[in-house]
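Could you build the full structure based on these sequences and the hints that come with them?
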Amino acid sequence: GENVEQHPSTLSVQEGDSAVIKCTYSDSASNYFPWYKQELGKGPQLIIDIRSNVGEKKDQRIAVTLNKTAKHFSLHITETQPEDSAVYFCAAIPPGGGNKLTFGTGTQLKVEL
Amino acid sequence: NAGVTQTPKFQVLKTGQSMTLQCAQDMNHEYMSWYRQDPGMGLRLIHYSVGAGITDQGEVPNGYNVSRSTTEDFPLRLLSAAPSQTSVYFCASRGGTANQPQHFGDGTRLSIL
Chain D
145 GENVEQHPST LSVQEGDSAV IKCTYSDSAS NYFPWYKQEL GKGPQLIIDI
195 RSNVGEKKDQ RIAVTLNKTA KHFSLHITET QPEDSAVYFC AAIPPGGGNK
245 LTFGTGTQLK VEL
Chain R
40 NAGVTQTPKF QVLKTGQSMT LQCAQDMNHE YMSWYRQDPG MGLRLIHYSV
90 GAGITDQGEV PNGYNVSRST TEDFPLRLLS AAPSQTSVYF CASRGGTANQ
140 PQHFGDGTRL SIL
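Quick note, the sequences are listed as chains D and R, same order. Here the numbering used here is used: position 77 in the first sequence is 221, and no number is missing along the way. Here the numbering used here is used: position 75 in the second sequence is 114, and no number is missing along the way.
If you are wondering where the hints come from, they were derived from the structure by calculation, not from laboratory data. From the three backbone atoms N, C-alpha and C, an ideal C-beta is built for every residue, glycine too. The reader is advised that the hints may include incorrect statements.
Stated by the list, open to error - Listed below are the simulated DSBU-like cross-link pairs for lysine-lysine, each with C-alpha atoms no more than 35 Å apart in a straight line:
{"no.": "1", "chain 1": "D", "residue 1": "K166", "chain 2": "R", "residue 2": "K48"}
{"no.": "2", "chain 1": "R", "residue 1": "K48", "chain 2": "D", "residue 2": "K186"}
{"no.": "3", "chain 1": "R", "residue 1": "K53", "chain 2": "D", "residue 2": "K215"}
{"no.": "4", "chain 1": "R", "residue 1": "K53", "chain 2": "D", "residue 2": "K186"}
Unchecked claim - Quick look at which bits of chain D chain R covers, simulated, 3 or more residues with Cβ under 8 Å:
{"no.": "5", "region": "201–207"}
{"no.": "6", "region": "247–256"}
Written out as structure tokens, the structure reads:
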């Protein structure tokens with residue numbers, strides 16, 4: 145089955161700096177890669193996703209890049225703000241496996257004033 | 040729309056007790072899933088359903104039962120609770136077309152003594 149590794153497990157940045165979270169996946173057939181943000185006491189919420197036919201996607205301060213050859217994808221947050229503090233999860237889905245998200249182990253991002 | 044609603048939010052059980060975690064969605068989604076979240080392990084799929092009357096096992100199904108008698112509801116049953124089932128449980132749903140994002144509830148925090 146699919147295996148997703150996520151690094152780092154914790155990340156502390158100063159407000160205004162950029163943050164990068166990296167994930168690698170094992171199944172080369174995986175074709176959909178969502179990123180979720182989880183705030184304390186809440187369920188994960190989708191913040192951005194990328195499909196395997198695209199190398200990069202951007203939404204305001206958030207961007208995701210995908211390297212299919214190396215089987216890794218990354219989340220980039222620019223101009224970080226205190227409200228970006230949360231746990232971020234990457235995930236991968238193989239073809240036809242729409243319910244079978246395999247999640248990374250999460251990154252606790254702390255944005256310090 | 041309320042989205043995905045989980046009840047209860049918190050529960051404490053004794054070993055050997057049974058209980059049902061409720062999940063309901065009002066988005067007419069075909070797909071529903073149950074995950075458990077444990078520290079350092081991300082979210083792991085327990086059971087999922089691709090439509091009313093159809094369920095299947097995920098990564099960690101042992102000790103849990105599910106049923107899907109309606110599109111809206113997807114309860115998770117613990118028949119004989121064990122301390123290893125202490126966790127945060129999330130229900131999710133998504134639409135039926137490929138690579139649709141999952142919508143998560145806010146979780147049930149379950150402690151088994």
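For each hint, the structure was consulted:
1. D/K166 to R/K48: holds, 32 Å
2. R/K48 to D/K186: holds, 11 Å
3. R/K53 to D/K215: Measuring from Cα to Cα gives roughly 44 Å; hence the hint is violated.
4. R/K53 to D/K186: Given pair R/K53, D/K186 holds - Cα atoms ~25 Å apart, limit 35 Å.
5. 201–207: As far as the region 201–207 of chain D goes, the hint is violated, because 0 residues have Cβ atoms under 8 Å from chain R.
6. 247–256: holds (count 4)
The earlier numbered hints that this structure contradicts are 3, 5.
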